[in-house]
Structure formats: structure tokens, C-alpha cells
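*Asks:* Following the hints, position chain B against chain A.
Heads up: the sequence lines are chains A and B, in that order.
All residue numbers for the first sequence refer to full-length UniProt numbering, where the first residue is 1 and numbers rise by one.
All residue numbers for the second sequence refer to full-length UniProt numbering, where the first residue is 1 and numbers rise by one.
The reader is advised that the hints may include incorrect statements.
Claimed, not checked - To be clear about the criterion: a stretch of chain A counts as covered by chain B if any three or more of its residues have a C-beta under 8 Å from a C-beta of chain B, and this derived list gives those stretches:
| hint | stretch |
| --- | --- |
| 1 | 112–121 |
| 2 | 259–267 |
To be verified - Ranges of calculated distance between the beta carbons of each label pair, as one might list FRET restraints:
| hint | chain 1 | residue 1 | chain 2 | residue 2 | range |
| --- | --- | --- | --- | --- | --- |
| 3 | B | 70 | A | 207 | 46 to 54 Å |
| 4 | B | 259 | A | 202 | 46 to 54 Å |
| 5 | A | 188 | B | 119 | 40 to 48 Å |
Unchecked claim - Here's a subset of chain B near chain A, in silico, CB distances under 10 Å, partners left out:
| hint | residue |
| --- | --- |
| 6 | 51 |
| 7 | 116 |
| 8 | 277 |
| 9 | 284 |
Hints in this document: simulated from the structure, not taken from any laboratory.
Given the structure is predicted, the values throughout are model-derived calculations rather than measurements.
Even for Gly, the Cβ is constructed at its ideal location relative to N, Cα and C.
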Amino acid sequence: MAFDISTLDLDAIERREAAKNKGSALKLVAAIGFALLWIVPFYFLAISIFKSSNEYSRNPPLALPEGLAPFWDNVARAWELGSMGQAMMNSAFYGTVGASLAVFFAAMAAFAITRLDIPFRNGWFMLIFAGTVFPFQMYLIPLFFGYQKLGLLNSHMGMLLFYTAICVPFPTLVLRNFMSGLSREMDEAARMDGANEFTVFFRIILPNTIGPMTAVFLLQFTWIWNDMLFSTVLGNRLETRSIMNALLVFQGSYSSIGPNIVLTAALLASLPSIVLFFLLRRHFMQGLQVQQS
Amino acid sequence: MDRAAKDKALLDRIGIDQIARNARARRRGQLGLGLVFMAPALIMVVGVLLAPVLFNIWLSFTKWRKFTGFGEYAGFANYERLPSNPFFNEALINTAIWVGASVVFPIALGLGMAMFFRNLRGAETFKNIIFIPRILAPTAVGVLWFYVYAPDGLLNRGLGLVSGRDVDIGWLYNDATVTPAIIATFVWQTAGLVMVLLLLGLAAIPKDPIEAAHIDGASRWQIFRYITLPLLMPTLLMVTILSVLAGFTVFDLLWVMGANYPGQRSLALAVFMYFEAFQKGSWAFGSAVAVIIGLVVLCVTWFQTVLQARVDRMTR
Numbered sequence: 001m002a003f004d005i006s007t008l009d010l011d012a013i014e015r016r017e018a019a020k021n022k023g024s025a026l027k028l029v030a031a032i033g034f035a036l037l038w039i040v041p042f043y044f045l046a047i048s049i050f051k052s053s054n055e056y057s058r059n060p061p062l063a064l065p066e067g068l069a070p071f072w073d074n075v076a077r078a079w080e081l082g083s084m085g086q087a088m089m090n091s092a093f094y095g096t097v098g099a100s101l102a103v104f105f106a107a108m109a110a111f112a113i114t115r116l117d118i119p120f121r122n123g124w125f126m127l128i129f130a131g132t133v134f135p136f137q138m139y140l141i142p143l144f145f146g147y148q149k150l151g152l153l154n155s156h157m158g159m160l161l162f163y164t165a166i167c168v169p170f171p172t173l174v175l176r177n178f179m180s181g182l183s184r185e186m187d188e189a190a191r192m193d194g195a196n197e198f199t200v201f202f203r204i205i206l207p208n209t210i211g212p213m214t215a216v217f218l219l220q221f222t223w224i225w226n227d228m229l230f231s232t233v234l235g236n237r238l239e240t241r242s243i244m245n246a247l248l249v250f251q252g253s254y255s256s257i258g259p260n261i262v263l264t265a266a267l268l269a270s271l272p273s274i275v276l277f278f279l280l281r282r283h284f285m286q287g288l289q290v291q292q293s
Numbered sequence: 001m002d003r004a005a006k007d008k009a010l011l012d013r014i015g016i017d018q019i020a021r022n023a024r025a026r027r028r029g030q031l032g033l034g035l036v037f038m039a040p041a042l043i044m045v046v047g048v049l050l051a052p053v054l055f056n057i058w059l060s061f062t063k064w065r066k067f068t069g070f071g072e073y074a075g076f077a078n079y080e081r082l083p084s085n086p087f088f089n090e091a092l093i094n095t096a097i098w099v100g101a102s103v104v105f106p107i108a109l110g111l112g113m114a115m116f117f118r119n120l121r122g123a124e125t126f127k128n129i130i131f132i133p134r135i136l137a138p139t140a141v142g143v144l145w146f147y148v149y150a151p152d153g154l155l156n157r158g159l160g161l162v163s164g165r166d167v168d169i170g171w172l173y174n175d176a177t178v179t180p181a182i183i184a185t186f187v188w189q190t191a192g193l194v195m196v197l198l199l200l201g202l203a204a205i206p207k208d209p210i211e212a213a214h215i216d217g218a219s220r221w222q223i224f225r226y227i228t229l230p231l232l233m234p235t236l237l238m239v240t241i242l243s244v245l246a247g248f249t250v251f252d253l254l255w256v257m258g259a260n261y262p263g264q265r266s267l268a269l270a271v272f273m274y275f276e277a278f279q280k281g282s283w284a285f286g287s288a289v290a291v292i293i294g295l296v297v298l299c300v301t302w303f304q305t306v307l308q309a310r311v312d313r314m315t316r
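For reference, chain A alone in the conformation it holds in the complex (with noise of 0.2 Å):
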């Protein structure tokens, strides 16, 4: 049978057509709309920053700054009275070197529990994974204590201990899972050309395991970065206390310091984080996959 192109309502398909696309741009309108809830608290912050005390008090909060000279005055002060240089110094060193021992130490276990043949290998990884169960607020007393009968209260290596403790359940997990979809063959060749357990760990293991380990880096590395908690409680000195510890330096005396100042320092306090997710989403939103699994 021929195809007759006249019995085809074109009227109505350029109809259908239309009012397809005036629904995507009455959703686009909507989606938009509901982006501001998101947009207008960024936006209140991003000109915040590039305003003097005195304008942010005399004009709206939304309002476009004046110039954008004072952002530089806002930073200087900001990095003084929080003494921020310090604080991200500490918060660097322990995300970099806490979260990186961390991830290794539950990359060893994960090949113990899936490569050797140990007894109750189910229960090792349970003890450790235990580590999760237990809400902040157990650790905080006996912790508090006991660091300060060991002398390990606001000092560099208690805040790195605590911190690479807590972020080594979590990568565990994550780790273990991988490793146990390896496949076997190629360390089985290994050992049968004579590798021992340490060579097959480090020169086989190890290197395929390079992404997974990189994206519980990234989240056990932005858990440290952003804790208050634990800083307040165990390390609460100058010299050793982290980044978010020392945004709660401005908490107190809100009145005094112009929220200019105080806005500049959450925003330089987040700056890492901003950059490292924007560099790295894939491997984040790789971590939050495992994290859901």
C-alpha cells in the first residue's frame, strides 16, 4: 500500500510539537525558579565579600558592591584574626597525610581479608567495620581523657592519630568490595612464579585498586577538612587546631567583626573543597557510589 502523505495530520503533530516544547520551557522557567533557593544564599555570599563593613551595613544585602577593593582588606583580615594560615596548614596536613594513611592501612587489611587464606575472615572485617557504627558523641569523653593521661591533647599527632582512626572503617569496606572482584588469575600467576604475599600486594594489587582508593581519598579528605567537632574537643590550641575550628574563632563576637569579614573566612575555609570537587567529580560522585552500596 502507497503512503499517502495528505492523510497525515501534520496540523496536529505541529501542534503536539508545540506544546512539547512549551512544556520543556515552562519547566526550564520552573527549574530555574527553583535554583534561586540555591543561587540567591551563593549569590549573597559572593558579593558580600567585596564589600567594607560600613557598606554592608548601609546598603541591601543584595545589592552589587560598590567596587571590588575591599575584597583584598576583607581577605587580610580574615586570614589575621582567625589566624587562618595556620589553621589551613594544620587542616592540610591532617587530610593529606590522615586520610592517605588511612586509605592504605584499609587497603591492606581489604587484601587480607580477600586474598589470604585466614579463619574467620567475615569477623576481621566486621571489628573493623565497627568502627562506623558508633556515633560521635562515644568517642568524645573517653577519647578527651585519655589523651589527656597520654599527653596527646592539642598536639599534631593526636589530631592526625584520631583522624586517620576514624576514616579506616569506611575505605575497609569500600576496598574490600573491589578487591574481592578482582580477578584472580593474575596474582595466583605471581605466587606461582614465586612472588611472596608483600610483592603481590604492592606491585599487583595495589595498582588496580589506584581508583577506588583515590575517590575514598577524596571523601575521607573532605571529612577531616570539614570537622569542628573533633578539633574543638582535642585540639583547641592556635597551633593545632583545624580550618572549621577556626572559622567558630569570628562565632563569638559576631557583633564586633563585620559579617563581611566573617563570610570572606567560610569562603576562603571552603575554597579546597569547591576546587577539589569541581576537579574531581567524577572520582566524587564514583565515592558516592560505593557510599551507597
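*Replies:* Structure of chain B alone, referenced to chain A:
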């Protein structure tokens, strides 16, 4: 030679016993090696996390406060004191509100946004914007919103613009508004994560049953209600548990945003515990509050494993 001896001789020649002995020896050998590999993780977790938990439980049964009573057995006295403490009761009610709100709002919002953004072209930018608050520290987010809620801050000015007269509400200073205001900030921060997790869950749902239902003339609501939602249940369950735990142990936001609120101590259980121990020096009493928080968290986690097993059975 009788039969048994012959078998034995044969087995010796094959070396079965030797193989079994070797396997047993390797097993023992590998346990040692395994312990070497697990030692750093075990020492960290047991020494820094699990031992303190046990120590905390023990402390909660002592009379330790300020400089006295360390190690003196008190029985359940600390727990018996809890119900008569007005701050504890208020903190308990507030925490219940937090749990309810942190389940309902982020999930309703996150599910709505996930369904909305799922098939929208160019949604990536929106998704990023809504997700970003989650990567920021609660401390930083709290500082930002502190100025949104300030008496001469963004919210009051905005409301003033809409209503046409001066609005001067101390959002973070009144009993009636402080908890809802901080919950709103919490929702602002966490809805993006819920959305992303639900989008991941939605992406894993097979397309066939939805298309089949569509061809059979099912409405979009019917498809959502009877196909998408049941298949999304495992993800929803996980997100719900995450939200319950996050709402139950919320601390940072309350600490930053509630700093000027006179009743800060009663804002939630975690804050109450901190005040009792680290500001008042009631160490044993604070430990008891921590144990209560821990018990609830354990119950929720246990409940999750039970439900998870049931959902797994249903969806298999």
C-alpha cells in the same frame, strides 16, 4: 597386605596427607601474615574507636564529675537522673523533630527534584548548584545562613520587600523559630545529596516495564506509583536511614547557628551531651547521654539490616 594398609600406602604415594598438612600449615602461616596486613587497621580501630566506646559505657555507670568520683560505681543513677532533667527532655523533643523533619523534607524535595531533573536537558548545571552545599562544611554553611537569618539579614530584608513594611524577626533567637530555621538550612544543605542518590537509583531501574505500562495506557502517576516507586524502594530505604542518622546526631549546624540562642544546650541531644560534659564537667552524666545516643543509633542500624534483608528478598 590387607585393604586398609594398601589404601594407606597408596595415599602416602599420592601425598594426600602431606597436602592436607601443608594446607593446614599454610593456613596457620597465612593467619600470621594476615594479622601483619590487618594490624595497622585493627590497632587504629580497636585502640582509638572501639576501646573508647567501651570506656564510655563504663564511665556512664560511675560518679565522675569535675574532680571527684572517678571510678566510683554509681549504678544506673546517671540514667535515672535523665527523665527529670528539663534540658534533656527539651533536647529529646527537639531531636525527635529533627529526625522527622530530616526524613520528610530532604526526601520529598530530593525525590521531586530527581523526577523533575531526570529527563530535563541541561539539568547538569542545576544539579551541580543544588549539590554543592553538601561538599561544604556544616560549619561554613552555618556561618553563611547565620547572616541570612540575622535581624537585619537577607531573609528579613526580603520579607520586608515583599510585605512592604519592616520585618524584624530574630529567627535564631526565638524558641518558636530557631529549630525550624536551622532545619531549613539542613534541608538546603542535604537535599542535593538525596537527589543525586535517588537519581543513581532511578538510573538503575529497567526501562522495559515502564514502556510496557506506557503502551498499556497507564498514566504517569500510575507508572510512578506502581512501577518506579516500588523499584526505587531499596534506594529510598537507604536514603531514609542515612537521613534519620544525620538528623539524630546533628551538631555542627546547631553549634554555629545556635551560638547566640539562650537555650542552645537544649537544641538537640548531641549538643546537650557536649554541654554536660565539656562545659559543666558532668563527665559521667554526659557519658550516659552518649550511651543513649549510641543505643538509638544501634537500633536504627539494626532495623536497617532487617529491612534491607526483607527488601532484598522481595526484589530478588
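*Asks:* Which of the numbered hints above does this structure break?
*Replies:* Violated: none.
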